[in-house]
Each structure stands twice: as structure tokens, then as C-alpha cells.
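> Each chain, letter by letter, is given below.
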Amino acid sequence: MIDLDERLQRLADSVELPATSPLDDLDRGRARRRHRNLGTAGAALTTAAVIGTSVVLLSGGTGHPGAGPGFAGGPSASHDATSHSESRDAAKEMTREEQLKAVLRGARGTTLDEVLKSQVLSGYRDVLREDLYPAGTRIQTGPITNQQSGEHTLGTKLDWNGGGMLQVAVGRSLEGVQFFCDGGCTQQSVAGATKALVLNQPGSISVAVFQDDGDIVALTADTSFGNNGTSTKTLGLTVDQLLTAAADPRLDAPDHAVQLPGEVGTQ
Amino acid sequence: MFNSFRNEERDHPFVEYVAARRAKLYRTAYLICGDAHRADDLVQIALAKAYVAWPRLEQAGNVDAYVRRILVNAHVDETRRSWRRERPGLDEVDEAAPAPSHEGNEDLWTALRALAPGQRRIVVLRHYWGLSIEETAADLGISPGTVKSQTSDALAHLRRALTEAGTGAHHDRSR
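So the sequences go chain by chain: A and B.
In this text, residue positions in the first sequence follow my numbering: the first is 1, and each later residue adds one.
In this text, residue positions in the second sequence follow my numbering: the first is 1001, and each later residue adds one.
Chain B on its own, in the form it takes in the complex (with noise of 0.2 Å):
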């Protein structure tokens, strides 16, 4: 399958490491912004990056924290971009992408959409990527006092939601 490589110390890493992670990238993305072709290109652009970046990625032992820095930073310029509101025809409002398909999980789901998209961020990477709240301040480039706080914030919306929903959903942990 890869015997097409014209730069081996590249190439082939770097296509290991995407048939190893590209799933978790994209279902990160898809969290995130909750539509398939964004999530898709998102990951798209932040692979690319990595691949002009490989050998100091490599050399440097930390492959998967700047694909995921540069995935949910393409998200953050996303949502601030300005031509987006120029789209002609467009409904300005978000409409809720459909919830994948799993029994149970359609309340998290609207829950997660419901969040303001900086909430939804720390929440992928605190509670789907586990990170600590130093390590997503890094990713997002904010102070750890505005993690704790937004994590908190976002962790009552989603308790309250998920009440609400009546599946009384808890979550119970400090790192």
C-alpha cells in the first residue's frame, strides 16, 4: 500500500499516524462543529499542516497536541470569520445537525450543540481528550483560570440540560 513514497522519513510516518488517528481527529471535529464536511475540513487542513511541520513535529514528540492545537484553532477563526456572514441566501441560525446515530445519546448531543462554541471546545478536549486544564489552556491559547471557569460553566449547562432531558447525566471530577 505505501510503496509510493518519495520521501520516506516523511511520507510513511506521517501516513502511519494518519491511519492511527484520523478517526479520533475527525469525531474531535465533529463534536466541535457538528456538521461532516466542516469536521472533514478541519482535519483536513490541520493534517496538511502537519505534514509541512513532520520533522520537528517528530523530532519533538508531540504529533497528536499540534494536530489538535491547529484542528480546534481552524474552528475558533471559523466561527470568527467574517466573509462567513456574507453567505447569500443562508439562514444565519445554527441549525442543529442531526445526532448520530446511537441509542441515548440524542440529549447529550442537543445538549453539546446548545453549548456556546468556546464551551463545546473545552469540553471535547477536557472530557473526550482528557486532557488536564493546563494542557487545554495550551491547546486554546487561554489563561487556566478561563478553562476552570468556562469548564464549569459549561458542565452546569449540560447538567441542567441533560435533567432537563431526564436522563440526569453526572459528572463528578477535578484535575
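Chain A on its own, in the form it takes in the complex (with noise of 0.2 Å):
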């Protein structure tokens, strides 16, 4: 008779160890912390982070970088993560009179932490729409009104093809953007990222895309979309489509978005 402890200890040691450093801890630690800091920090400093948001966010979601109320660097055609960074240090020279006023143009009525959520979600569908139909006719082109948030994650659904789904999450964990693979993933490859997993179903398409910078994405393509009852066809959408529409970097999960004056560049 084997002990059930010393069972369990070798079907443990057993276990293969993902391929990752302490130093990656030490990076999500510091994070987490900053991000502590950032939601203690005093009034003043709070308002300028939030504001600070959604220049960015408002820059950032026409697709770009850099274009916003009261910009004058001009749009840039370049998505890449260096025009996207440079887009949040010129943001940051509008005066604070206009950055008010960029928030306060949200709707009446609605919090803060709700007009700055609605600016992100637009945001991300912007960017999709760019990425995966340029032309526009297939995502959802009305208001926003589905909304999922969790510990820095935020996402939404889609209207896609008229009647499928089009799922996005943007966070820093596959368990906040709620992406399951039991079992059933592939790992690609996709540039942009540092993995990328694949989970082909029928009717739908799954992917979850760690992005250079630590955020994590997830897209799902479904010919369904079970909350309204409707459905479509064809999704029209390949898996590497997908991919590369979730190593977007400007596509970046909602703590990301938020930065002290001062802070940019520093870790």
C-alpha cells in the first residue's frame, strides 16, 4: 500500500514547470503596487491621472494616435507602440481646462468611471474595426451598452456580421479576461506577443494574445451572440486575423491607460 502523501508529492514532481523568471513576478508585483498607490493617491493627483486617461483614450480610439480635441501634433498613420507612446506624451501638453472639458463631454447624468469605461470600450472597438474590416460594416456601429469589468479588465460584446459575436477583453491575467482553454488550446505565434493561444470551436473562435507589454487579450468570433438570440451566418474572420487584432498594442488593459504626470517610461 502506497502512502496517498507520497503519491500526491510524486504526481506533483511530475508537473512540468512553465519556462518563466522571478523577474517576471517582480515586474506584476510592481505593477500591482503602482496601481495600489495610483487608487490611494491624493485628490489632486487622482483628477490629473483620470483626466490624463482620457486624452489618451480619446486619442487613441479614432484609430490616430495622437489626433484628439485640442491636439496639435496632427494624426499619424503609424500603429506601432512608439507612435502610441508618443501620442500619450504630447496628450499630456493640453491644458487642463481642455482635458476637462474632453471628459466632461461625456454623457450627463453617467459617473465618471462610466464615461471613461465607455471611452475605453469605444476605443477597442475602434481599433477592431480597423483591424479586422476596414471598412466598417461588420462590427457594431451603435452605442456600447454591453460592459464586463473585473480586477484591471474591461471588455465588452459585439454585434458582428448582423447577428454574430465579436468578444473582447483586455486585462493582465487569462483568468481576468475569463479565457479557459481546458484543455482544448493551441499556442501560435504572433508578432507583438509573447504567446498567443488558439481555441477553434464550431461556430467560434477564441484567442488570448499576451502582448509585448505585459497585457493580455482576448477575442472571441462566435456566428452566435446568445444574449440577443441572433446569429449570422459566417464570421468572415480568420484565426490569424484574430491574432493579429489582439497584438494591437493600442489595445491596452484599463490600468494601463492611467498614468501619473512624471511616470511615463518609469517601471
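Possibly wrong hints are sitting among the right ones.
Not close to chain A: a few residues of chain B, all C-beta gaps over 10 Å, as computed [unchecked claim]:
| id | residue |
| --- | --- |
| 1 | GLN1044 |
| 2 | GLN1059 |
| 3 | ALA1065 |
| 4 | ASN1073 |
| 5 | ALA1116 |
Think about it this way: if two alpha-carbon atoms lie no more than 25 Å apart in a straight line, the pair counts; the simulated DMTMM-like pairs of lysine to aspartate or glutamate are [stated by the list, open to error]:
| id | chain 1 | residue 1 | chain 2 | residue 2 |
| --- | --- | --- | --- | --- |
| 6 | A | LYS195 | B | GLU1078 |
| 7 | A | LYS117 | A | ASP131 |
| 8 | A | LYS117 | B | GLU1016 |
| 9 | A | LYS117 | A | ASP182 |
| 10 | B | LYS1148 | A | ASP5 |
| 11 | B | LYS1148 | A | GLU6 |
The hints are simulated quantities; they were obtained by calculation from the structure and are not laboratory data.
Note that the coordinates shown come from a computational prediction; the quantities given were computed from them, not determined experimentally.
We put the beta carbon where it would ideally sit given N, CA and C, even for glycine.
Starting from the two chains in their separate frames, assemble the complex, guided by the hints.
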């Protein structure tokens, strides 16, 4: 008779460990600590960060990094991370009054948090429209009413191709973006990412991309939109298209969009 | 390797802890949830939270207990989260993950996966970590009585499953 403890130990010892460095955990810990410090900052700093967020999101959501109300730099056709970072730096040159007006342009009666989340989700939708079908006729164009959020995560479900669904979630962990393989994923590579997972099932394609900056973007395209009871015959999308879209650095996790003045470039 | 720390008092001991204990934490998570990616997520969450609380943990001398508790409770949260039920196009049946490659462990792996998540957590804490009933109860935030009864049920399930599988594993332990 073999003791359960001993057998469990042998079972555990046979588990293959992921290739990871303690410095990766250090980075995540530092990021979490920065986010916590941001949450407890004084009212003035918090307000500045919130205003900074809306400016970044407004510029990022139009597909032209750097464009936005009051911004003098002009649009740019480049979508790489460098231009994205430059747009953030430039956006901070807006006056406080201009930034506050941009934020308050949101619907009256809603909270600032709702306005900002709505802005972020609109930005995600704009990026996905550009990456998946620039003609813009397949992705939902109307107001985004579905909003799903969790710790460091924000997402939504959009109508796709007249009845289907395109779900996006951007966060910092697979748990956060609610992406579960249950043993069915394959691993693929995509530019701009350290890892990419693909789950193919009848009528749906799901991908989770681990972007170089640590964000994780999960996209699911499904021929049916369960909540709405609608469906479409075809997705008109490939796995590669979804992977490339999910690797777009403009899809930033919510806490990445918030930066205290002077923190650009620090870790 | 560790030349770039900006906060020596926190960063260096944290990295040393991770280097020493991450393997066991990952194996714990893997035994509990059965999925490599989810296991890594659980460990990442636990260690990130530990980093934030590091000075307090180190002073109290209970880093392992803290990290372990966050890990198992993150799994509890995961199994309860409502958004998980909104997964589009995914089968709600929890398919068994492939057993780790080790001769003779397939039956135990299958039997472990067949346990309810709560019983599986208790089995891993008691029989992989070697925790007492009281320590297990403290980790999970449940009563020692519940730990005792769940342990008994879980072991009965395991014995039955392993006997049926022909391996006849036996465990008799009282703590």
C-alpha cells in the first residue's frame, strides 16, 4: 500500500513547470503596487491621472494616435507602440481645462468612471474595426451597452456581421479576461506578443494574446450572440486576423491607460 | 542576475522567495485546477499580491501561508465567478486535462479531477502541503469540522476510485 501523501508528491513532481523568471513576477508585483498607490493617491493627483486617461483614450480610439480635441500634433498613420507612446506624451501637453472639457463631454448624469470605461470600450471597438474589417460594415456601430469589468480588466460584446458576436477583453491575466482552455488550446506565434493561444470550436474562434507590454487581449468571434438570440451564417474572420488584432498595442489594459504625471517610461 | 533592484528591502527577498517556492506553488495550483494556464494565472496573482504586502509578510514570518491562501482563494473565486458562465461557444463540461507524464499517476490524477473543487483543495492542502486540520481550515476560511468531514469524504472517493482502477492506494492518517 502506498501512502497518499507520497503518491501525491510524485504526481506533483511530474508536473512540467512553465518557463518563467522570478523577475517576471517582480514586474507584476511592481505593477500591482503602482496601481494600488494610484488608487490611494490624493484627490489632485487622482484627478490628473483620470484626465490624462481620457485624453489618451480619446486620441487612441480614433485610429490616429495623437489626434484628439485640442491636440496640435496631427494624425499619424503609424500604429506601432512607439507612436502610441508618443501620442501619450503629446496628449499631456493639453491644458488642464481642455482635458477637463474632454472628459465632461461624456453623457450628463453618468459617473466619471462610466464615461471613462465607455471611452475605453469605444476605443477598443475602433481598433478592432480597423484591424478586422476597415470598411466598418461588420462591427457594431451603435452605442456600446454591454460592459464587463473585473480586476484590471475591461471588455465588451459587440454585434458582428449582423447577428454574430465579437467579444473583447483586455486585462493582465488569463483569469481576468476569462479565457479558459480546458485542455483545448493550441499555441501559436504572432508579432508583438510573447505568446498566443487559440481555441477553435464549431461556430467560434477564441484567441488570447500575451502582448509584449504584459497586457493580455482575449478575442472571441462567434456566429451566434447568445444574449441577443441572434446569429450570422459566417464569421468572415480567420484565426490569423484575430491574432493580429489582439496583438495590436493600442488595446491597452485599463490600468495602463492611467499614468501619473512624470511616470512615463518608469517601471 | 539581481543587480537592477530599486528597492532592495523588498525586491531582493521577494525574488529569492519566488525562486525558491514558485515550483511548489505552481504544482499546488496545477493539482487544484488541472490546467497549466490557469495554474500559472493563480500563481501570478498570488505572488503579485504578496509583493504588495511583502514588508508585512516578512515581518510576520508567514509568507508561505499568505501566498498559499491567496492562491487557493483565487481558485475559489474563479469557480464562483459569474462571467465564466458567459463564455461563448465553450462547452460547460470541465474536460479532464491530460495527466502529467509520470508512469503510474494517471489513476490518481483521474481520481483527483473527479473530486469536487472544494474537496480537491482540501486534499492538496492536507496531503501535499501536510497541513493540519486547523491550518487547512485557516487557509480556506472554513471550520475545522468542515475540513474533517470533507477530508473523510474526499479520501473515501479517492479510495473507491483507485480501488476500481486496480491500484488499491491506501491512506490512513490522523492529525
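> Confirm or reject each hint.
Status of each hint after checking the structure:
Look at GLN1044/B: its CB is around 6 Å from the nearest CB on chain A, not clear of 10 Å, so calling it non-interface is violated. The beta carbon of GLN1059/B is kept farther than 10 Å from every beta carbon of chain A, the shortest such distance being approximately 17 Å. With a least CB separation of 18 Å from chain A, ALA1065/B remains clear of the 10 Å interface cut-off, as annotated. The claim that ASN1073/B is not at the interface with chain A holds, since no C-beta of that chain comes within 10 Å of its own (minimum 13 Å).
Residue placement check: ALA1116/B keeps its beta carbon more than 10 Å from all beta carbons of chain A (closest about 17 Å). For the proposed pair LYS195/A and GLU1078/B, the alpha carbon gap of about 23 Å is at most 25 Å, so the pair holds. A hinted pair counts as satisfied when its Cα atoms are at most 25 Å apart, and LYS117/A with ASP131/A qualifies at roughly 21 Å. A C-alpha spacing of about 38 Å is found between LYS117/A and GLU1016/B, which places the hinted pair above 25 Å, so the restraint is violated.
As the CA atoms of LYS117/A and ASP182/A are separated by approximately 30 Å, the hinted pair breaks the 25 Å bound. Distance hint between LYS1148/B and ASP5/A is fulfilled; the C-alpha atoms sit about 17 Å from each other, no more than 25 Å. With a C-alpha separation of about 20 Å, the suggested pairing of LYS1148/B with GLU6/A holds against the 25 Å cut-off.
Checked against the numbered hints listed earlier, the structure breaks hints 1, 8, 9; every other hint is satisfied.
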